[in-house]
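Engineer: Now for the letters of each chain:
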Amino acid sequence: MSPGETAAAEPRPVPAGRPDAAPDAPARYPGAAGRLVRSELRLVLRRRRNVVLLVGLAFVPLLLGVVLRLAQDAGLAGQGPPFVASVTGNGLFLVVASLFLCTPFLLPLTIGIASGDAIAGEASAGTLRYLLVVPVARGRLLAVKALGALTFAAAAVLAIAVVGLVAGAVLFGVGDLTLLSGDTVPLGDGVLRVAGVVAYVGLSMTGLVAVGLFFSTLTEVPVGAMAATVVVAVVSSVLDQLPQVAVIHPALLTHHWFDFAEMLRIVPSVDVLAQGLAVQAGWVVVFGTLAWARFTTADVTS
Amino acid sequence: MTTPAGATATAAAPASAPAVPQAGAVGDDAIRTHGLTKRFRTGQVAVDRVDLHVPRGAVYGFLGPNGSGKTTTIRMLLGLVAPTAGEVHLLGSPMPREAGRVLPRVGALVEGPAFQPYLSGRANLARLDAVDASTDPRTARARSDAALDRVGLGAAADKRYRQYSLGMKQRLGLAAALLRPRDLLVLDEPTNGLDPQGTREVRHLVRELADAGTTVLVSSHLLAEIEQVCTHVGIMGGGRLLLQGPRADLTARRAAHVMVRTAPADVDAAVVELRRLGLADVTVEQGVVDGGVTVVASDAADDGRDRPAPQDVAAALVRAGVGLLAFDVRRPSLEQVFVELTGEGFDVAR
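So the sequence lines, in the order shown, correspond to chains A and B. Its first residue numbered 1, the first sequence is counted upward by one per residue in this note's numbering. Its first residue numbered 1, the second sequence is counted upward by one per residue in this note's numbering.
Simulated from the structure, these hints should not be mistaken for laboratory data. Fair warning: this is a prediction, and the values are worked out from it, not measured in the lab. Treat each hint with caution, since some may be false.
From chain B, some residues computed to sit far from chain A (all C-beta separations above 12 Å) [to be verified]:
#1 Asp132
#2 Ser134
#3 Ala248
One side of the interface only, derived from the structure: several residues of chain A facing chain B at Cβ under 10 Å [claimed, not checked]:
#4 Arg35
#5 Gly202
#6 Ala246
#7 Ile248
#8 Arg265
#9 Leu290
#10 Arg294
For each residue, glycine too, the CB sits at the ideal point set by N, CA and C.
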């Protein structure tokens with residue numbers, strides 16, 4: 001047998017002394033990622049506390065609609081904060097008005113609760129250690145938790161929007177939409193624009209979710225992470241009011257939250273909307289990275 | 001803590017020697033650590049240069065008082081806590097680098113059970129199974145039912161975890177560890193919160209699993225609870241592994257306590273003979289009880305000489321003309337070794 005033959009034809013001998021190098025290395029079942037995500041979403045969306053929060057948010061447009069309906073003959077019609085004044089004329093505005101009222105505090109509060117709880121809740125229950133030894137890679141678990149928190153944020157915004165739409169249609173009827181400039185667009189266009197408002201508000205919450213997720217990796221006390229997250233939103237709003245720090249205003253988490261109104265101009269400014277979304281993307285990148293850096297290296301002693 | 005430093009040093013050296021396989025044969029041990037150390041940010045050294053050797057197929061009793069570093073060691077084994085120094089191999093693979101490949105074969109109960117309180121026992125197991133990318137979702141239900149039945153929770157499977165008693169929670173923790181066939185089980189204080197019947201059941205379960213070839217590391221601060229099922233023992237104290245090896249070796253290597261009672265007239269002869277046999281610490285106790293005087297000694301074997309067998313000691317005493325009223329040789333129990341090494345409680349081994 002020539003040396004060349006040996007090299008070409010004979011299989012390489014298996015290196016000895018390496019037990020179980022290959023035989024029972026567990027397989028990854030196809031669809032495992034989907035199974036993990038579904039399990040997490042079920043956990044988030046079926047949890048009673050979260051359901052109560054969503055129902056609470058859904059009450060905002062309902063109550064607002066009923067109050068405006070009862071008061072519309074009292075000579076106060078057309079008064080009140082922006083958007084609220086327009087509700088009695090067109091039920092579509094109940095969606096916008098409700099989001100306008102919830103954006104400063106109620107939405108950040110509920111989203112802070114859900115995202116602050118994401119990791120810290122598992123840590124405080126002690127379940128984090130059992131998830132990790134299953135095992136699941138920490139980066140993967142963090143991504144799934146982020147997805148769960150984002151889904152909850154979306155559900156929160158949608159709860160307001162859907163109930164607002166239904167209540168507005170029932171109480172006031174819907175029709176062609178009168179824009180901020182006074183121009184009127186047909187109903188179909190109007191619905192799309194309101195949908196754009198809802199989408200913008202939803203995307204505006206992503207930065208806050210990332211902040212909450214980061215705080216959630218720092219502590220085993222979920223309430224601490226929740227409170228810290230809400231505080232960030234509040235402090236951001238306060239700074240946004242101070243002209244002395246105008247230079248940082250454009251980068252503030254909350255600065256662009258009300259730019260959803262852009263959707264109600266004749267020609268929405270893509271620049272304004274893009275800037276608001278870019279700021280959110282920046283917060284997501286920074287705090288998402290911090291959360292990842294912290295969570296993938298921290299000792300789990302809970 | 002008042003761990004006698006001298007006793008520690010002499011005990012650890014010979015006892016661990018036979019348990020150490022030739023260097024490099026990492027795959028022979030289900031668990032093997034080298035110089036494993038954890039220093040927390042507070043500066044506290046929780047685990048100090050621990051070399052754990054748990055042979056495949058062993059039931060390894062990991063003992064030590066509360067706060068001796070057992071749980072931190074276990075957390076490092078499982079990749080939850082990063083070691084400050086040292087290495088860990090589980091089932092032949094380095095941790096935590098190969099956690100994804102190794103941990104599916106490892107079932108663990110770490111510092112008590114923990115589950116989502118508002119989910120049922122069954123739903124909690126389903127959640128853990130959904131997290132495991134390497135299990136077949138089609139068999140999830142059957143496997144969780146089997147695990148629940150195995151720990152006697154079948155009837156309470158659909159109750160919320162919040163409503164479980166402490167013992168039921170512990171059982172659910174065991175069920176989670178048994179959700180799929182495992183090559184290694186790491187059970188940290190598995191009998192906590194269980195009544196004597198539950199404790200017996202856990203022992204039975206551990207024995208059954210070990211008979212089926214699973215390696216089990218079971219930790220406890222209550223040695224009596226798990227002593228009966230262990231083939232190997234490691235004793236932690238103050239962050240150090242004070243002693244480890246096959247259980248039988250650990251007590252066989254310890255000095256026995258020899259007690260002779262004889263008539264007052266024969267005491268001197270007895271003392272001379274006991275010393276001649278190489279026994280140490282020969283002491284005559286004060287006072288005459290039932291017409292006899294008690295002489296105690298120990299067969300301390302640190303000098304490497306063969307220790308006389310009890311029957312030889314008795315025969316030698318009789319040949320020397322010592323009339324034996326009573327004669328007793330007691331090898332210290334594992335518990336006494338444990339107490340002596342860890343300094344827990346009073347020093348009953350002497």
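Engineer: Confirm or reject each hint.
Structural biologist: Going down the list of hints, with the structure as the test:
1. Asp132: Non-interface label fails for B/Asp132: nearest chain A Cβ at 5 Å, not farther than 12 Å.
2. Ser134: violated (3 Å)
3. Ala248: Label holds. Min Cβ-Cβ 27 Å, cutoff 12 Å.
4. Arg35: Holds - the Cβ of A/Arg35 comes within 10 Å of chain B, reaching about 5 Å at its closest.
5. Gly202: Constraint on A/Gly202 not satisfied, violated at 27 Å.
6. Ala246: Violated - the Cβ of A/Ala246 stays beyond 10 Å from chain B, reaching only about 40 Å at its closest.
7. Ile248: violated (33 Å)
8. Arg265: Hint on A/Arg265: violated, closest Cβ of chain B at ~46 Å, above 10 Å.
9. Leu290: Nearest chain B Cβ about 19 Å off; hint violated.
10. Arg294: violated (13 Å)
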